[in-house]
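Novice: Chains A and B, in that order, give the protein sequences.
For the first sequence, this note's numbering assigns the number 1 to the initial residue and increments by one for each residue that follows.
For the second sequence, this note's numbering assigns the number 1 to the initial residue and increments by one for each residue that follows.
Errors might be hidden in some of the hints.
[As the list claims (entries may be wrong)] Non-contacting residues of chain A with respect to chain B, defined by C-beta distances greater than 12 Å in every case (computed):
1. K15
2. K87
3. D93
4. E100
5. S105
[Stated by the list, open to error] Pairs of lysine-lysine residues, derived as DSBU-like cross-links and limited to a Cα-Cα distance of at most 35 Å, are as follows:
6. A/K10 - A/K101
7. A/K37 - B/K74
8. A/K14 - A/K49
9. A/K67 - B/K56
10. B/K147 - A/K10
11. A/K23 - B/K43
12. B/K58 - A/K37
13. A/K109 - B/K74
14. B/K35 - B/K113
[Said to hold, decoys possible] Covered stretches of chain B (in silico footprint by chain A; criterion: 3 or more residues with CB under 8 Å from a CB of chain A, positions within the stretch not fixed):
15. 91 to 98
16. 101 to 108
17. 118 to 125
These aren't lab readings, by the way, just hints derived from the structure by calculation.
The beta-carbon is built from N, C-alpha and C at its ideal position, and this holds for glycine as well.
Here is what each chain is made of, one letter per residue.
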Amino acid sequence: MAEKRKSMIKFKPKKFKVGDVIKVDFIVIHPMDTGTKKNKKTGEVIPSKYIDNITFSFDGKPFTSMKVWETVSTNPYFSVNFKVPAKGKITVDYTDNTGEKNSKSKKLKPKG
Amino acid sequence: MKRRNFIKSVFGASVVAVTLTPVSIMAEDKKAGNKLSYAEAEKVITGGKGAKDSDKIKLTVPEIAENGAVVPVKVMVDNPMEEANYVKAIHVLASKNGNSRCADVMLSPLNGKGYFATRIKLGGTQDVVALVELSNGTFIKTAKSVKVTIGGCG
Numbered sequence: 001m002a003e004k005r006k007s008m009i010k011f012k013p014k015k016f017k018v019g020d021v022i023k024v025d026f027i028v029i030h031p032m033d034t035g036t037k038k039n040k041k042t043g044e045v046i047p048s049k050y051i052d053n054i055t056f057s058f059d060g061k062p063f064t065s066m067k068v069w070e071t072v073s074t075n076p077y078f079s080v081n082f083k084v085p086a087k088g089k090i091t092v093d094y095t096d097n098t099g100e101k102n103s104k105s106k107k108l109k110p111k112g
Numbered sequence: 001m002k003r004r005n006f007i008k009s010v011f012g013a014s015v016v017a018v019t020l021t022p023v024s025i026m027a028e029d030k031k032a033g034n035k036l037s038y039a040e041a042e043k044v045i046t047g048g049k050g051a052k053d054s055d056k057i058k059l060t061v062p063e064i065a066e067n068g069a070v071v072p073v074k075v076m077v078d079n080p081m082e083e084a085n086y087v088k089a090i091h092v093l094a095s096k097n098g099n100s101r102c103a104d105v106m107l108s109p110l111n112g113k114g115y116f117a118t119r120i121k122l123g124g125t126q127d128v129v130a131l132v133e134l135s136n137g138t139f140i141k142t143a144k145s146v147k148v149t150i151g152g153c154g
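So that you can see chain A by itself, here it is in the shape it has in the complex (with noise of 0.2 Å):
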């Protein structure tokens, strides 16, 4: 069975070089819950579950580490630019703070 996807890592422009500074968005399905929210039907308070950890990299190399709040909205957008050095792979891993742990991956191919 296919397992659905959780998140998605977009590069804008699709079409690009090495050298060109490009924007890697990364978005992904998460309730972002901050704790102080109840649940209408049974009064109890939904914990929270947020993601608090983020790390961009290329090749297995760091470039970007994120720390986030459950102040971020659900299903949480986040974008940084990256300078393409070469062909290679942009991975995503992330935590939330009940320690689930997932990670993305996306092949960069530059034109030229």
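For this one, chain A is given, so just place chain B on it according to the hints.
Specialist: Leaving out everything else, chain B in the frame of chain A:
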């Protein structure tokens, strides 16, 4: 008789105390370490040095946010990204949220530009602050006010 009354009053008081404390506040208390005001957060981030206002930082936020749960924030710093001089970190904060911190982004010269964008929650009308650390150890900042019609923190 006296002892029974004493126990009754102690027990009664504690029952009242528990029911008066909303569960949501008790849950928040557990996370007290993360509930820094903007002033406290700035002190922690800058190691007490503080930050100078700078127009090198271009902060883009909506003037009015219809939905406080999803407020787009874009930060672009006009500064090189070379080994000897680069934008080391961009911190996004909200001046009046219970936890003023939203994200801390540690960059490197390989980013090419001192840029970061995300979407944050705002509990009400307040300032969004971009607090930036440069590789030479100095801190600069800029802030913009966002009017929020429906608060986004639940």
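Novice: Does A/S105 sit more than 12 Å from chain B, CB to CB?
Specialist: 17 Å, holds
Novice: Within 35 Å, alpha carbon to alpha carbon, are A/K14 and A/K49?
Specialist: 33 Å, holds
Novice: Three residues minimum, CB to CB under 8 Å: does the region 91 to 98 of chain B make the cut for coverage by chain A? Let me know.
Specialist: n = 3 at 8 Å, threshold three: holds.
Novice: Can the restraint linking A/K109 and B/K74 be considered satisfied, given a maximum Cα separation of 35 Å?
Specialist: 27 Å, holds
Novice: Say whether it holds or is violated: A/D93 keeps its Cβ farther than 12 Å from all Cβ of chain B.
Specialist: 14 Å, holds
Novice: Once the closest CB in chain B is found, is it more than 12 Å from A/K87?
Specialist: 15 Å, holds
Novice: Say whether it holds or is violated: A/E100 keeps its Cβ farther than 12 Å from all Cβ of chain B.
Specialist: Since the minimum Cβ distance to chain B is about 18 Å, A/E100 lies beyond 12 Å and the statement holds.
Novice: Would you check the hint for B/K35 and B/K113, treating anything up to 35 Å between C-alpha atoms as holding?
Specialist: 31 Å, holds
Novice: So if I understand the rule, the pair passes when the alpha-carbon distance is 35 Å or less; does A/K67 with B/K56 pass?
Specialist: 23 Å, holds
Novice: With 12 Å as the threshold, tell me whether A/K15 passes as away from chain B on beta-carbon distances.
Specialist: Non-interface label on A/K15 holds, nearest chain B Cβ at 17 Å vs cutoff 12 Å.
Novice: Starting from A/K37, check that the Cα of B/K74 is at most 35 Å away, please.
Specialist: Cα-Cα ~27 Å, so holds.
Novice: For a C-alpha distance cap of 35 Å, please report whether B/K147 and A/K10 respect it.
Specialist: Roughly 31 Å separates the two Cα atoms, so the pair holds.
The structure shown violates none of the earlier numbered hints.
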